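Mind docking chain B with the ligand on chain A? Use the hints.
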Amino acid sequence: MNVAMKFEDLEKVYDLLAEAIDRVGPDNEAIFLSKVCLVLSHKIGDLDLVEESIKAGEQNIV
Amino acid sequence: MKPSGKSELDSLYFEYPNYPFQTPPEMRGEKRAHPVVIVGAGPVGLVAALELARHDVPVVLLDDKASLNEGSRAICVSRYNYETFQQLGVVSAFEEKGLGWTHGRCYYKEEQIYRLKMPHSNEERFYPMYNIQQQYIEKYLADAALSSPNISIRWQSKVSGIKAQSDGVMLDIETPEGPYQIIADHVLAADGARSVVRKELGLRLKGDSYEGRYLIADIQMQSDFPTERRAFFSCPVLGDSTVLIHKQPDNIWRIDYQVEGNTEDAIKEGNVRSSIAAVLNFIGESAPWELEWWSIYNASTLCLDDYRHGRVTFIGDSAHLVPIFGVRGLNNGIADAVNAAWKLAYVIKGWAHERILESYTPERRGATLDVFKSAGKSTRFMTPPTRGYRLLRDAILSLTPNNSFAQPFADPRQVSPYTYSASPLTYESVDSTEFSGGIVAGAPIVNMKVDKENYLLDYLGLGFSGIYFCDQDSAPDALTKLSSKLAVGSEPFKLLVIAKNEFYQGSLTVIEDATGSIFDAYGAEDGSFYLVRPDRHVCGRWQNFNQNEVSQSFQMALGGIVE
Ligand SMILES: Cc1cc2nc3c(=O)[nH]c(=O)nc-3n(C[C@H](O)[C@H](O)[C@H](O)COP(=O)(O)OP(=O)(O)OC[C@H]3O[C@@H](n4cnc5c(N)ncnc54)[C@H](O)[C@@H]3O)c2cc1C
Numbered sequence: 023m024n025v026a027m028k029f030e031d032l033e034k035v036y037d038l039l040a041e042a043i044d045r046v047g048p049d050n051e052a053i054f055l056s057k058v059c060l061v062l063s064h065k066i067g068d069l070d071l072v073e074e075s076i077k078a079g080e081q082n083i084v
Numbered sequence: 257m258k259p260s261g262k263s264e265l266d267s268l269y270f271e272y273p274n275y276p277f278q279t280p281p282e283m284r285g286e287k288r289a290h291p292v293v294i295v296g297a298g299p300v301g302l303v304a305a306l307e308l309a310r311h312d313v314p315v316v317l318l319d320d321k322a323s324l325n326e327g328s329r330a331i332c333v334s335r336y337n338y339e340t341f342q343q344l345g346v347v348s349a350f351e352e353k354g355l356g357w358t359h360g361r362c363y364y365k366e367e368q369i370y371r372l373k374m375p376h377s378n379e380e381r382f383y384p385m386y387n388i389q390q391q392y393i394e395k396y397l398a399d400a401a402l403s404s405p406n407i408s409i410r411w412q413s414k415v416s417g418i419k420a421q422s423d424g425v426m427l428d429i430e431t432p433e434g435p436y437q438i439i440a441d442h443v444l445a446a447d448g449a450r451s452v453v454r455k456e457l458g459l460r461l462k463g464d465s466y467e468g469r470y471l472i473a474d475i476q477m478q479s480d481f482p483t484e485r486r487a488f489f490s491c492p493v494l495g496d497s498t499v500l501i502h503k504q505p506d507n508i509w510r511i512d513y514q515v516e517g518n519t520e521d522a523i524k525e526g527n528v529r530s531s532i533a534a535v536l537n538f539i540g541e542s543a544p545w546e547l548e549w550w551s552i553y554n555a556s557t558l559c560l561d562d563y564r565h566g567r568v569t570f571i572g573d574s575a576h577l578v579p580i581f582g583v584r585g586l587n588n589g590i591a592d593a594v595n596a597a598w599k600l601a602y603v604i605k606g607w608a609h610e611r612i613l614e615s616y617t618p619e620r621r622g623a624t625l626d627v628f629k630s631a632g633k634s635t636r637f638m639t640p641p642t643r644g645y646r647l648l649r650d651a652i653l654s655l656t657p658n659n660s661f662a663q664p665f666a667d668p669r670q671v672s673p674y675t676y677s678a679s680p681l682t683y684e685s686v687d688s689t690e691f692s693g694g695i696v697a698g699a700p701i702v703n704m705k706v707d708k709e710n711y712l713l714d715y716l717g718l719g720f721s722g723i724y725f726c727d728q729d730s731a732p733d734a735l736t737k738l739s740s741k742l743a744v745g746s747e748p749f750k751l752l753v754i755a756k757n758e759f760y761q762g763s764l765t766v767i768e769d770a771t772g773s774i775f776d777a778y779g780a781e782d783g784s785f786y787l788v789r790p791d792r793h794v795c796g797r798w799q800n801f802n803q804n805e806v807s808q809s810f811q812m813a814l815g816g817i818v819e
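In order, the protein sequence lines correspond to chains A and B. 23 is the number of the first residue of the first sequence in this note's numbering; add one for each residue after it. 257 is the number of the first residue of the second sequence in this note's numbering; add one for each residue after it.
Quick caveat, the hints were computed from the structure, so don't treat them as lab data. Note that the coordinates shown come from a computational prediction; the quantities given were computed from them, not determined experimentally. None of the hints are false.
DSS-like cross-link-like pairs, simulated, lysine-lysine; straight-line CA separation at most 30 Å:
{"no.": "1", "chain 1": "A", "residue 1": "LYS57", "chain 2": "B", "residue 2": "LYS365"}
{"no.": "2", "chain 1": "B", "residue 1": "LYS373", "chain 2": "B", "residue 2": "LYS353"}
{"no.": "3", "chain 1": "A", "residue 1": "LYS77", "chain 2": "B", "residue 2": "LYS365"}
{"no.": "4", "chain 1": "B", "residue 1": "LYS629", "chain 2": "B", "residue 2": "LYS455"}
For reference, chain B alone in the conformation it holds in the complex:
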């Protein structure tokens, strides 16, 4: 919602673009099947399009709007997704704009009771979390998509019907110039929480909705307070409710507060203004401020039973809704998009077996269910549903300053990337139990510092990669021979050798790890090997490189042998 007198796309800091409708070939009588059509150019649909385009698959992206989504919405982007943005070639804009952060503060009534510190080391390129408004996220992604020769975005094109058959999908589309139909081999449904595709296919989200409602508001205000997450429990000026404060770029501050009683009253502009004024007064901010945008939010844990329906795959909010406290809605949606897109690209190119697509639901619905597990707990802590839960919550907060055992309750249980252990693409090597530490199969690699300017991710290619750890003065022949067989289609296999002492060997990329910090992070010894998927997740790892097992793991990660 916007202050009175302002229209939806009026903003204190952001200029909404206007995307024109262009007559598509289908409306000029052309008929052809597209390999992939994506419904919805929100952040999730845009990421899927960019990932498909990166693997050289042409994409049609349909969106019903003539601009970007309105409002700052999801503002926290995780390190994992900054790494995704790097792979998509868009991270520089995000780094320039986003505000990285590592710390938080937790207050109970008047007092600060806990200082949150997220795990972070200087060996990592990106901060654990960045604050950036969703408009910017969408803008940077849309700019990249608009300039990609593989992506054609059709704005002002609303999908109103779908006919999914075993050999293809037909979509009905409404436009300012009338309706038309489009045929696709595969459809990615990224059309958000109220997905038309989901509804037209007769599918439903299942799960729970919670009592607690939050008002989320943005204001513009000059303040020197650093970028940290502040959580106020039993905030005395708002009837003992919970308040969260985040800093965003452009002097925008996000103030979320729990709403008690009547929602209709709570969202009235006058009430929003007086609640914000009370909070600002409470935290000692006295600078003038302007109201930008607000909205009401209620926590639920809902998802589809299966994220695939024949040739239609659901990604992002169309597949799942989660509470905002763990900032996983958008973060998990972006991970869905990449996961579905690279697999689909490999199938369309004929590089992987269609079975690879069957790994999408276990991997990404698995991630959703993992969020649900902690979401119930954090929601009950943030908005206690009964007097009993309220007393226990307050007892914990009152114990927190002097009893460290109570502190984990107040931790925000924020997003951490999901490990695909139970995936059909993940390989448990015979000697994987010999690792002490490092990165387990199914987890994403850690983007360790290599030298002053470079990090591991800077060396990865488009396709699969291997990381070999070496304490000799050359890498074994078996390794270099095998790696020439692990190219997929036009995407070469990228082999990195992490060596205690640098050496030269043909065209091998050898990275010196004199301090052993990369060895340590990967729990590696001389001869250890990691096989890595295009989306940075580990297929399998070997304490001692094993040619046969690596080949098997590679085949498995492609869904088996392509006949």
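Bound conformation, chain A alone:
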């Protein structure tokens, strides 16, 4: 994976995720998002990239 996603597509992801979170409901959002991350990691197939992404997600958590 070496091409970054187009902004327009990222905007679509934003809406898709937001609507899916609303569908699964607040009790299930953490497990839902964890599953999505695992599926994406499997598809990316690059451990370094996934580790980097996990670090990026942990930054600025207050």
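Below, chain B with the ligand alone, put in the same frame as chain A:
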């Protein structure tokens, strides 16, 4: 709304004029049809009147008030409209008063996460955006309209009925001295969001309204903070809501904040004061302040299906309502006014075919629909409607400081002038694809610097213009011959030659572009040509000047041949 004990037109900084009612000729028994009557002397109606007057068309402007609209309302005016104000001859007052700006800051909770910079270069005369209260906008426009011999403003004259027929329009008007009727060949409805003209014609705005509501408040306060747009997301002192802060002239600060829960409570003076105090404390302002005005606002994307209804044309808020975040309500309204007015002027003068008016809806409703596209997105970002949208918004904001890919989400997606590509007046030349860069057909020209004091716009005339790019020591004969045929009525065609090396040739206006910066901005080569409408939008452009195509494009821009 005003603090208790103050009346609507009491202000800390602005003196509202009082415009008297004057008995119109119709009430003295005179009967005649006016070429154009404009309903509503808000900012949009005033601009339309000034544009018609500029093309020497007499205008009657009706307004139900005895003064200007109350409150600062729309405060951001775009560069594009400063250029319009220049063409209307009123820009000096705006330049003196308005606060130009190029930067913004975006905060998430306590932290600044993003610095916004709007595209701007020293080659441009005006800043991308100016902050100025709507009262001043209306005042400067009204002053110009009141002194124009072509404009007669009838204050305290309320339109209450309309009969639109194929050969003219009759309006019922109520005044302090009783009712009368006025007959017009054409009507421009600039009577705002609650348009009576729209209602009387049985027309409706269609679209969506959004959940999020904002309280908009002005205070007067001394502060050294520069003129920048500040956006606070998840502002901890206001229950994690969104807050926007803008500086205006006269030490006035606009504080907009998202309202959660009961609107009736939110607009109570005590609650407005304590919310403002909390925000000021949060941003570290400690100077004393006074409350000037507040109002509640809710975002919607609504417009008419067709902006024309026979001889009645809708301009501004009467035709469309848009969310405030992109500051497009007033900015687009002013563009509507100019667009409708020059075309109507040309039809009334007999210089253009009536078909030219058919381009108004595609051009200006097109602009509205373009706003709608991004308005939904920015509204969902500013006021997330559900928990899912809220989580995604916060995730983006939390990523923004360290991940540049997230930054465009936080951009305010502000007003940019609309390109009339799909307009029946826009010409796609055969060689237009040869341009790399520059300004596409339908877009407005860029007001490039010419020398120390002058910019391109300073050279344009009243009517159509042409810009020819030249790297020789004279301009071709075909060009000068054609340009003498492109005058419209009493409005001469203005031909500008942008030359790499200055030369003299008869009465041609030759502008030297030694550095090539104007050539670059227009993607031009030797022989390139732009044909420009009276409203600064490009009709068509040619990498190599083509006499036949330019003539065709010119005819098209006038709605076809006048029989
Ligand atoms: C309280 C408030 C706050 C706002 N805040 C913002 C903001 O923060 N940012 C932003 O971008 N926009 C804001 N807006 C919107 C902005 O003010 C409008 O987009 C702009 O005023 C539109 O101009 P207009 O000339 O089309 O309509 P208006 O300004 O509404 O002018 C219409 C004119 O027509 C007159 N009129 C109405 N009916 C009749 C009649 N029957 N006969 C004769 N005359 C009539 C009215 O008196 C008025 O002068 C706000 C609007 C309001 C009302």
